[in-house]
Amino acid sequence: MTEQTVPSLISVGIAAIIGLLILWWGAACKRGTFPKNHILGVRTPTTLRSNEAWVTAHRAGAPQLLIAGWGIITAALVATVFTLILNPVPAVPLVFTLAFVWALGWIISSSGTAARAARSFRGNHDQTPTN
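Start counting the sequence shown at 1; every next residue gets the next number (my numbering).
A few of these clues could be false.
What the hints assert, rightly or not - Pair by pair, the computed Cβ-Cβ distance ranges are:
#	residue 1	residue 2	range
1	Arg116	Ile10	35 to 43 angstroms
2	Asn37	Ser120	17 to 25 angstroms
3	Leu48	Glu3	44 to 52 angstroms
4	Pro45	Val101	23 to 31 angstroms
In case anyone wonders, no lab produced these hints; they're calculated from the structure.
The beta-carbon is built from N, C-alpha and C at its ideal position, and this holds for glycine as well.
Sequences are here, hints too, so could you generate the full structure?
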């Protein structure tokens, strides 16, 4: 092991924790148990006005969040292999940069999907039934 191995492994651990947190977020959204809040999640006027719209939106965006989380965890595993076996430590920052760009793209995609689902929810539930 080189002197750069330990910092690289710490980076891998931090990335894995971030990936696990995103997986938790995606799983909670998929189950419909992610609580409405003003910090994390799709916070549009529609989702903040209704618990049902919040759950609908976050369930719609959950698959992309899960993809983002698994991408970061996969990158952490690849970086671990690079660090421990192949030992090209300079490759670790590249792997993480690509992983976090990947995750950011999927999280943004998730937000768009969730916002569309919330708008669709509002459209389906704002209509008054006619007899």
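Now the hints, each set against the structure:
| no. | hint | verdict |
| --- | --- | --- |
| 1 | Arg116 to Ile10: 35 to 43 angstroms | 39 angstroms, holds |
| 2 | Asn37 to Ser120: 17 to 25 angstroms | 22 angstroms, holds |
| 3 | Leu48 to Glu3: 44 to 52 angstroms | 49 angstroms, holds |
| 4 | Pro45 to Val101: 23 to 31 angstroms | 30 angstroms, holds |
Checked against the numbered hints above, the structure breaks none of them.
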